[in-house]
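Using the sequences and the accompanying hints, generate a full structural model.
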Amino acid sequence: MEILNSLSVFNSFPLAELEVGQHFYWEIGNYSIHGQVFLTSWFVIGLLVLASLAAIINVQKVPRGMQNMMEYALEFIRDLAKSQLGEKEYRPWVPFIGTLFLFIFVSNWSGALLPWKIISLPEGELAAPTNDINTTVALALLTSIAYFYAGFKKKGLGYFAKYIEPTPVLLPIAILEDFTKPLSLSFRLFGNILADELVVAVLVLLVPLFVPLPVMALGLFTSAIQALVFATLAGAYIHEALEGHGDEEHEE
Amino acid sequence: MDQLIPAASVIAAALAVGLAAIGPGIGQGNASGQAVAGIARQPEAEGKIRGTLLLTLAFMESLTIYGLVVSLVLLFANPFAG
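Residue numbers (the working numbering), protein chains in the order written: chain A, 1 to 252; chain B, 1001 to 1082.
Possibly wrong hints are sitting among the right ones.
Computed cross-link-like contacts, DSBU-like style, restricted to lysine-lysine with a CA-CA straight-line distance of at most 30 Å [unchecked claim]: (1) 155/A <-> 1048/B; (2) 1048/B <-> 181/A; (3) 155/A <-> 181/A; (4) 82/A <-> 181/A; (5) 153/A <-> 1048/B.
Beta-carbon label-pair distances, calculated as ranges [to be verified]: (6) 1026/B <-> 29/A: 49 to 55 Å; (7) 1014/B <-> 161/A: 43 to 49 Å; (8) 155/A <-> 1029/B: 25 to 31 Å.
Simulated from the structure, these hints should not be mistaken for laboratory data.
Here a beta-carbon is modelled for each residue, glycine too, at the ideal position from N, C-alpha and C.
Structure, rendered in structure tokens:
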């Protein structure tokens, strides 16, 4: 904690606060939860629900405005799922992959675009929900559950054959893979978003005006790419569970 | 003794992210070079190559990010700083 205190110079400038590891705790029962993550997550969820409602409230044959945008988003997600899962099996997984993509995308951009810092909390600060490791771990574990479900639903217990498929020698590595997948998914997203915010905060501390703008633009770009990467990888893992290391992988 | 742990943590954090940047740097350079060569050879495939390139660059970048996560843990959530 001494290291953290020595960095308290960061707190002297109001827009460049660095409060990694400080949270706005809520006590619910025996658990203490990170309130700032919940607040921003609810905001993101509310935004998405409102956008969806605005899109379907008055459905036209020729889409305009919000409906047009949401149809574009749906088409994008469908193409993403189709390119990963293949023509035959992508359909049931569009909602899952789309939810992941939209939630992560809107969270990342809300952290980068909205001036959360003007709302001050007693402790910690509002930022993108995805810069808390718990959020990204939850999303990554959801992905793990999803691909196990996909594999079991398709092949039943024969799903376990994939662990010893080429040769049983690789069994430990195949088991290890199930742990490294959520680990790398969650660390990738968490690290990228937190790194973006840290770089912007440090630059704002050094030069408050105009100079951080290109880095902010780069941050927007990487945030969008990371949402895409997360959704793509979720699709790829599900596809792997559906197909195994089998022969029909080149059919697409 | 009290000063040793912060000093070692800061050095370790710098080394973690610095060393983690070497490999992905080489890899990203290779990938980008090959992509440019591919575009020069087949300019009509530029859109497809660019999309794939950005995705692969993000994957490589995440390796550096793992090092960054380690250094962030050392700086802000150090388990040894008592």
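Going down the list of hints, with the structure as the test:
no. : hint                         : verdict
1   : 155/A <-> 1048/B             : violated (34 Å)
2   : 1048/B <-> 181/A             : holds (27 Å)
3   : 155/A <-> 181/A              : holds (21 Å)
4   : 82/A <-> 181/A               : holds (21 Å)
5   : 153/A <-> 1048/B             : violated (34 Å)
6   : 1026/B <-> 29/A: 49 to 55 Å  : holds (50 Å)
7   : 1014/B <-> 161/A: 43 to 49 Å : holds (46 Å)
8   : 155/A <-> 1029/B: 25 to 31 Å : violated (41 Å)
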